[in-house]
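Here the protein sequences come in this chain order: C and R.
Numbering of the first sequence is given in our numbering, commencing with residue 1 and proceeding in unit increments.
Numbering of the second sequence is given in our numbering, commencing with residue 1 and proceeding in unit increments.
Worth flagging that the hints you see were computed from the coordinates, not collected in a lab.
Hints may be right or wrong, so weigh each one.
No more than 16 Å apart at the CA atoms, straight line, and that leaves these computed lysine to aspartate or glutamate pairs for EDC-like [as the list claims (entries may be wrong)]:
id : chain 1 : residue 1 : chain 2 : residue 2
1  : R       : LYS147    : R       : ASP15
2  : C       : LYS287    : C       : GLU267
3  : R       : LYS159    : C       : ASP306
4  : C       : LYS308    : C       : GLU267
5  : C       : LYS130    : C       : GLU113
6  : C       : LYS285    : R       : ASP197
7  : C       : LYS197    : C       : GLU131
8  : R       : LYS147    : C       : GLU124
9  : R       : LYS163    : R       : GLU142
10 : C       : LYS287    : C       : GLU124
11 : R       : LYS159    : C       : GLU113
12 : R       : LYS97     : C       : ASP494
13 : C       : LYS209    : C       : ASP12
14 : R       : LYS159    : C       : ASP178
15 : C       : LYS197    : C       : GLU124
16 : R       : LYS163    : C       : ASP114
17 : C       : LYS312    : C       : ASP178
18 : C       : LYS137    : C       : GLU108
19 : C       : LYS4      : C       : ASP23
20 : R       : LYS7      : R       : ASP179
21 : C       : LYS4      : C       : GLU113
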Amino acid sequence: MADKIYRINMTDLSTSIEDVPADWAGHGGRGLTSTIVAAEVPPTCHPLGPNNKLVFAPGLLSGTPAANSGRISCGAKSPLSGTIKEANAGGTSAQIMAKMGCKALIIEGQPQEDSWYTIKLSPEGATIEKEEELVGKGNFAVVEAVGKRYSDSTGVITIGQAGEMQMCAANVSIKDPDGRVRSCGRGGLGAVMGSKKVKCIALDAGDGKVDIADPDAFKAANKTFAKALVDHPVSQALGQYGTNVLVNIINEAGALPTRNFTQGQFEGHEGISGETMHDIIVERKGKPKHNCHTGCVIQCSQIYNDMKGNLKTSGFEYESIWALGADCAVDNLDQVAEMDHLLDDLGLDTIETAVAFGVAMDGGVLEFGDSDGMIRILKEEVANGTPLGRVIGNGAANVGRTYGVTRVPVVKNQAIPAYDPRAVKGIGITYATSTQGADHTMGYTIATNILNVGGSLDPLSNEGQVELSRNLQIATAAIDSTGMCLFIAFAALDDETCLPALIDMINARFGINLTGDDVTSLGQTILKTEHEFNLAAGFTNQDDRLPEFFELEPLPPHNTVWDFTGEEIDTFWNF
Amino acid sequence: MNHQPPKIELSVSPDSIAGFTTLLQGGIFIEVPCNTQIGDLLTSLPGFSRDYVQSRVETIFIDGLPADSLSQPLTTSGTVLAISAAMPGLAGAIFRKNSVHASLRTSPTADVETESAEKTIQVRLKLFNMIAVERGEQLLYEGCVVKASTIQYFFNYRKQLLKQIAEIRVNGALADFEDLHLWLNRKKNILLIISGD
């Protein structure tokens, strides 16, 4: 079955199925969403207006038996940052979309009436149905209702109340194999879906399957690839503790942003560490090891139960636990789990919302450590769209402006994640230069010794660090196009067979002959496409900067400041 | 440093011992001669063979700074040494010993100055994640010096583990939870021994 582009026009409520343009054929995942957004969205459009487009795309290997290939990318112009944006998540939708032959779903326009809609996708095409039952419901209720309406195997892409209210921290949620949700978290893409009045997308692949040009070569490459992932010691740490294994490490390094980025270590870190979380999960008969999509061999997710042994939350990530924990000075994992659950249901980015709370605490709206206050605000204010709820739900910068706080940790208006750049400068470069605002996942993987994208400068110099960050972002952009979970990067770092096996799988899937240079070139192209969009949207090099307070306020315990000059940062785009 | 802390022995249900190893994330105190190398300190501990240390201990911090060499000497009393298995993410890669991404650290590994070899120093060793699980049971069985506040804080967020304690002895004498609480409030450091009953 040849792949197609599904196009949904919400202005005239029409649908069409199109051939894939030649320029798009070699792209998937982030490469495809960014290519389409750059081609079809006016960079100066209002992100919540009719000219923005919401694009979903599975990766190049999604729907195949390739290990860890089930990520779906979602792209648009971000209402939070104003930049081009891609966010990806696990769940079942990437594999379903790929199997139905949908290379990309483009949602454009805006309804004329104040009605909500559900979009249904199948191999035969797309339908748009008015929606009333699900409007105003949280994500968990939507997933359950869609399962009853169609079937348990139906894929679901949904927004919660936050997306309906077009809050800039609203995410897009993807149903996972257990009927919970995974988040295309950052950048407010849920608000874009809300602006199109699309509450939910239901997906059914029927008997569809993905064609593989050379099945034997694919199988051999996948075996090598999966072995590299499973054997890697980082995979073992992730399978036991999840990403939250990082709390103790980052705290030890003095890089754990605490109390709105005023300290680098949190005295309560042991209470929220991955080790503590693991023990509580086992004690309460949850699952310390769990996957977010079928075919994942790393299984870094988990099921966290409450004190009564009932499921409270899953996919309990380091970033969420740090943000709701250390950054807000909360050392109770049950309180953090409650907030994680609420944010998943409301459909809000945990990083953005929690950093917003940190800024609010700095501004005196509530005390640091007041987790009861945070829960109350989420349940009563954010969920109901009260003025305070909307201030929080529109992100950290919005809170800072509203309450006169200058210590606002954002770049291009998006909240900085769980590694203080004063303590880990190389990550700070990624925050500053990422095409999508502060995002730790943009420069996440290696390039140097395997893809031979070696740096030529002194790695200890600031220029060398900029160069390395660039290489990391190029490689990450390429991996984001494959539909692979970014956590394959750890095996790729250490096992020389891993990345070549990935390239072999892509070649076997499509009957082509990509090399490492081609993968590098793909990553460079994606970055340049995104950068050009942002320049046309009005961004300049002055936006590739960290907030001033990082230069002025030494971070305890090492008392370091951010000391990259603008000129040094600007060398990032010299490629 | 010659005064002996009180000895507290906990007999716990064997199934629960792994949960007690998480306490080691708060650190144990070890006295070593000044200039003892990291590798030598670790291999002096029960269960830490040279092979285990070299292959399993992938992330090392000294006073919050990443260390790349097991030969690095420990020279100052009060030093905090933290050890971990290989960690995920770019941050994990940056902090890993001998990482290709070490240049992304904020500052290079600190230079070390040697001091008199006659001096004995106290090092606080924190064991994280799999290292704590894999080697912690033996360490606790043979006894570790731990801050009393570490133990108190641990039981504060792991109250369920208190139910797994079958017997408490303080300096050899049978004690109850109230005694345990009093000793933890009164003393700074404790020699803690945990074994399966």
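When the hints from earlier in the document are held up against this structure, which numbers fail?
Result: hints 1, 2, 4, 6, 8, 9, 10, 11, 13, 14, 15, 16, 18 and 21 break, sorted rising.
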